[in-house]
Structure formats: structure tokens, C-alpha cells
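Please arrange chain P on chain Y, whose structure you already have, making use of the hints.
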Amino acid sequence: MTDKTDLESKAVEAPPPPPPPATTGANLFTVDVALRVLLFAAALVSVVVMSTAKQTELASVPGVPGVTVSLTAKFKHSPAFIYFVAALSVVGFYSIITSLASISVILKPNYQTLFSLLFVLGDVVALGLVASATGTAGGVAYIGLKGNSHVGWTKVCNVYDKFCRHIGSAVAVSLFGAVVLVALIFLSIFSIHRKIGK
Amino acid sequence: MPFIQSTQLSVTFLYFFFFFFFIHTNPKTRAERRMDVVKDVKNMVKDESPRRGRSRADFAVRVLGFVVTLVGAVLVGIDKETTTVSVRLVETLPPLHVSVTAKWHYMSAFVYLMVSNAIACSYAAASLAYSSINKNKINAFALIILDLIITSMMFSAVGAAIGVGLIGRSGNSHVKWNKVCYVFGSFCHQMTAAIVMSLLGCFAFLGLVLLSLLKLYKTSSA
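Chains Y and P are the protein sequences, given in the same order. Residue numbers are given in UniProt numbering: position 82 of the first sequence equals residue 82, and the series is strictly consecutive. Residue numbers are given in UniProt numbering: position 99 of the second sequence equals residue 99, and the series is strictly consecutive.
It is possible that part of the hints are untrue.
As the list claims (entries may be wrong) - Below, a list of computed lysine-lysine pairs in the BS3-like style, where the Cα atoms sit at most 30 Å apart:
| hint | chain 1 | residue 1 | chain 2 | residue 2 |
| --- | --- | --- | --- | --- |
| 1 | P | K179 | Y | K155 |
| 2 | P | K176 | Y | K162 |
| 3 | P | K80 | P | K103 |
| 4 | Y | K146 | P | K179 |
| 5 | Y | K195 | P | K218 |
| 6 | P | K80 | Y | K155 |
| 7 | P | K218 | Y | K54 |
Just so you know, the hints here were simulated from the structure itself, not pulled from any lab data. Here the structure is a predicted model, which means the values were calculated and not measured.
Here chain Y stands alone, though its shape is the one from the complex (with noise of 0.2 Å):
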């Protein structure tokens, strides 16, 4: 609390237009690196979940008794799933500028309200990008896991196991992601909020 209360005090002495007191923002802004950087792993840790889930399975040919041949599941099969792959490459790719820049800001910290600004634009952009990307695969997972028995539509995960445990998986390290641009634009909101009023 003491810590708290002193960088509020800080922040009240600063002036906000010239270059304000480094120690202010660059805790904030160590903060905002190490969150992208946590970012930045779960876009990749669900992209490449995402794109090594494959799983061949022996099925047996309806009406031809003894004959089976072998069916592969690849996530390039739904465009949902490659959806979710391209929208979580972007937002890694994003995750990766944006660290390096706000690093250049930790270590030269004069635009820092511009900056936070532009950062927090871009998050929520990619805060919709992932929220829908996270959505679209796992409307389509849902399916793949429960069947829909009005338009016939055979649920698959109980042959193809490993690979739904992988879609599963994916998805929800986007949703960990999704949580992570989610306390990113808080603390941009708060950083810039903060300046405000006192």
C-alpha cells in the first residue's frame, strides 16, 4: 500500500506534458513488458498447439464389413480452425512489437502517455481479434465435442480424442490470452486515468 501511495504521489507532482518522472511509468511500463510478453507465449503456445493437432483413425467402411481405412483429422480441415491459427499468428506478431516498444519506452520514457495511448488502441483491437478468433473455434470445438443431432451432424471427439484435446487445449490458452489484453488495457486505461483529476 505505502509503494501505492507513493507513486500517486509522484504522479500528483509530475507535470503531465514534459517528460514525467521515470520511476512512475516505468513500473507500470514493466508491468505492461512482462504482460506482453506473457502475451506473447500464449498466442504461441495456442498457434502451435493449434497447428500440430493431427490424428489418423482406422474406421470401418459402413455396409463393407472387415474393410477399414484410415481418416485423418487436420485442423486446415475447418476454416474456423485456421481462422483461430491466422488470427493468433497476428496477435503474437503484435504481442512481439509492441514488447519492444514499450521496452524503448522503459528505457527512454518521454512520449510515455502517446505511447500508452497507442498501445491501448492497438490491445483492444487485438482484444477483438481474439475474442472472436476464441469464439469461432470453439463454437465450431463444441460441435466437434456434443454433436447437433437436429441437422445430423455426428460428433467426432469421441474418435478422434487426441486431437479435440489438442483444439481444446489451444482454445483455451486463447482465452488465457484474451485475459491477459484484457489486464493490459487496464493498466493502460489506469496509467493514462491516473493523470486525471489530482
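This is chain P only, laid out in the frame that chain Y set:
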């Protein structure tokens, strides 16, 4: 045809709403209103605007989000189609006519879309009421966070609906999920219209967040 009908319905609804909204609540001439917009933009650029609670752009975008999510929720909610499919079990017998029904709550992704549209719509109404009741004391921080949560929820719902709708439209041969949209044509078209409306709502809420962030930044650096 039903697709065109439902799209026309929603577009007409939008037009009527905006007509009512801008003509009836704003008894100014066209030129005056244009001057107001110019003044607003100038203020925005120069940052001379008095610190009102919410800006006019914010209000307009929020109303847009409200209307669009309402239309989206209604379009999903009334989506239902019954058609007859002829099934030929035995070659020699005449085909059997089976009536099949598609309802929106048969697919969990569409339920999610419906629920999040409803939540976003009621949130937009509530925040409009809140910001019009107490204009001066508004917790911008809380409002941005709530907007952000609604935005991400809407994005994920639209994503899920598009993902499932795409399977319904083109099927997936690898896991033997047949396409269903050639049977339920108007159902799919109406769902497409609902998804487009919800997508507009997504971008409206995204724009709200970006607008509030810019405003916050301006007030902090002024």
C-alpha cells in the same frame, strides 16, 4: 427473397429510428445541424470542448449499437422455418414427405449470439439512461471497462455464429457434416442478416471504446 425481406426490414427499421431520432428530437434545420457537427469536429481537433459527460459522437454510436443489437436479437429470436423434405426409402414406393423444422435454439452458437445480443442491447440502453440522468458525474473508467467486456463478448458470439453458420452453408466433408442451408434457405438468410447486424453492433461497441479512450487521453493530456 426472405433474405432481402429481412434485410429490408432491418434497414427500414434503422432508417425510421434515425429519422425519428434526428428529426424529432433535434428541431434544428439541416444547415444548423451541419454547423453543429463542424463545430464539434473543430472542438475535437482543438480540444476546446467543455468537459461534458459524454460527447455527441459517443451518444450517437451508443444509440447505433443499441438499435443494431436489438435488430440482431429480434432477427435471431424470430428465426424459424419449416419445410418438407421428400425422402425416398424404397425405390419402388412414392417418396415420403417429412416436415422438418429449423429453430434458432437448436444450435448452441446461435443461442449464444442471441443471449449476447440481448445483453449488449440492454447494456446499451442502461448506459444511455445512466449517462443521460447524471450528465456530469460519470465514471469514465467503469464505463470503458464495461464497454470493453461487452465488445469482446459480442466479438466472440459473432465469431461462434459465423463459424457454425459457415458449416451450415458449406458443410464439412471431412467429418461428414452435411450442409443444411439448401434445405432451410430463408432460415439461413435471416441468420446471415442477424449476424451482419451483430457484427455492426460489435464495431459500434469497439468504436465506443476507442472514442472513450481518445477522450480520456485528451482530458489527461490537456
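To test your reading of the hints: which numbers does this structure violate? 7
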